[in-house]
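Using the hints, position chain C against chain X.
Number of protein chains: 2
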Amino acid sequence: MTRKRDWARFNPETDLAIDRRIDAPVDLVWSAWTDPDRLKQWWVPRPWTTPEIEMDLRPGGMFRTVMQSPEGERFDNAGIFVAVEPKAWIAWTSALLPGYRPAGDAEHCGGIHMTAGIEFRPDGAGTHYIATVLHPDRASRERHEAMGFHDGWGTVIEQLVEIVTAMKADAR
Amino acid sequence: MTRKRDWARFNPETDLAIDRRIDAPVDLVWSAWTDPDRLKQWWVPRPWTTPEIEMDLRPGGMFRTVMQSPEGERFDNAGIFVAVEPKAWIAWTSALLPGYRPAGDAEHCGGIHMTAGIEFRPDGAGTHYIATVLHPDRASRERHEAMGFHDGWGTVIEQLVEIVTAMKADAR
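Chains X and C supply the protein sequences, listed in that same order.
Counted from 1, the first sequence has number 22 at position 22 by our numbering; the numbering is strictly sequential.
Counted from 1, the second sequence has number 86 at position 86 by our numbering; the numbering is strictly sequential.
Hints in this document: simulated from the structure, not taken from any laboratory.
Be aware that a few hints might be false.
It does not matter which identical chain is meant; a pair holds if it fits inside one copy or across any two.
[Unchecked claim] Straight-line C-alpha distance at most 20 Å; calculated SDA-like pairs for lysine to any residue:
(1) Lys4 x Arg58
(2) Lys40 x Ala78
(3) Lys4 x Gly99
(4) Lys168 x Glu73
(5) Lys87 x Thr165
(6) Lys4 x Leu57
(7) Lys168 x His108
(8) Lys40 x Ala139
(9) Lys4 x Gly61
(10) Lys87 x Ala131
(11) Lys87 x Pro70
(12) Lys168 x Glu107
(13) Lys87 x Ile157
Remember, predicted model here, so these are calculated numbers, not experimental data.
Same shape as in the complex, but just chain X (with noise of 0.2 Å):
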C-alpha cells in the first residue's frame, strides 16, 4: 500500500494543496474524517450537501461520496483508497473503481482524475492538516483549480473544524 513515503514529490504544475494547522489533537481530526456520519458534516461547502457516503476504509476499499446542490442535483464520485494508515496518512484515487478495476475516463469523479493524500501530522496540542492532490497533467490541475479548489477546500477544512472543534467540547 502506498506510504507518505511512496507519494509524488509535489509538482506545482500539475499538483495542487492546501494546509492548516487545526487546534484539536490528530485522534478527533482522524475520527472527523474516517466516521462516514461525521464526514457528512463537512465534506462539501455548506449549502452542498454529502446525502451518500461509502467508505471501506481499507487500501482497494470503495470510497464514494455523493454531493447535492442545494437545488437537489446529485454529483457521485468514486474511487478507492490507496493507503489507510490509522492517525496518520489517507489516501485515495479516482483512477480506480473497487476490485482495481480501472476507471477510465472521468465521468464518474466530475471530470477529473486526481489521487489526493492526507497527512496527520501532530503539532503539539494540535494537528497539522496536509492535503495534497495529484492530477496526471497540467490541464487537469487548472480545471480543477478553476472549479474553485483553494476556495472548496479550504470550506471544508473551516467545517472540519467546527465540527473537531464540537467534539473537543464534548469530550470535557
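Frame of chain X; chain C shown alone:
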C-alpha cells in the same frame, strides 16, 4: 495492497482471461516472471523484443516495459504494481503511475487502460498460471481482444514455458 480476494469478480463483458498449466514448479515460474533479464526473453511475441524493462517489485513500484517491432518502432507501457505476493500473486495497473499519480489518458499504455493480475497456483509438480485482465468497459475489452489478446498472451505463455523448461533442465 491488493490481495487476490479483493480482485474484481471476472466479468465477461469487460474482462479477459487466459490460463495454462505449466510443467514447472511455482518457484521457477515466479523467477522467470520477476527477473527482468528473464522477463525480457518472453514478454512479447517474437520477433518483437523487449529492449527495456523497469520493475520496482512492490506495491506502488514502477512497472515499465518497452516493446520493439522488428522494424525498430518502440512502444512504451508504464504503470505500477498494485500487488506483489511472492510466488502467489502479482498485479499491476496502467491507471496509476509511480507516486500514485493518476495516469490520465491511455497514451502511455497503448491506448487501453487495464489492471492485470497473475495467479501462480501450485498444481502437483507444476503451476496453474492464471492471468486476468480488467478493463474499464466493454469497448476497451473489445479493443484489446481485436489487438490480439488471446494470440499475444497465449504466445508469450508458450515463450515463458520455454524459459522455465530450460531453467528446469539447468537445475538438474
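Status of each hint after checking the structure:
no. : hint            : result
1   : Lys4 x Arg58    : both (15 Å within a copy, 15 Å between copies)
2   : Lys40 x Ala78   : within (15 Å within a copy, 37 Å between copies)
3   : Lys4 x Gly99    : between (23 Å within a copy, 9 Å between copies)
4   : Lys168 x Glu73  : neither (34 Å within a copy, 63 Å between copies)
5   : Lys87 x Thr165  : within (17 Å within a copy, 49 Å between copies)
6   : Lys4 x Leu57    : both (17 Å within a copy, 18 Å between copies)
7   : Lys168 x His108 : neither (36 Å within a copy, 48 Å between copies)
8   : Lys40 x Ala139  : neither (30 Å within a copy, 35 Å between copies)
9   : Lys4 x Gly61    : both (18 Å within a copy, 13 Å between copies)
10  : Lys87 x Ala131  : within (14 Å within a copy, 37 Å between copies)
11  : Lys87 x Pro70   : neither (33 Å within a copy, 53 Å between copies)
12  : Lys168 x Glu107 : neither (39 Å within a copy, 49 Å between copies)
13  : Lys87 x Ile157  : within (17 Å within a copy, 44 Å between copies)
When each numbered hint is compared with the structure, violations occur for hints 4, 7, 8, 11 and 12.
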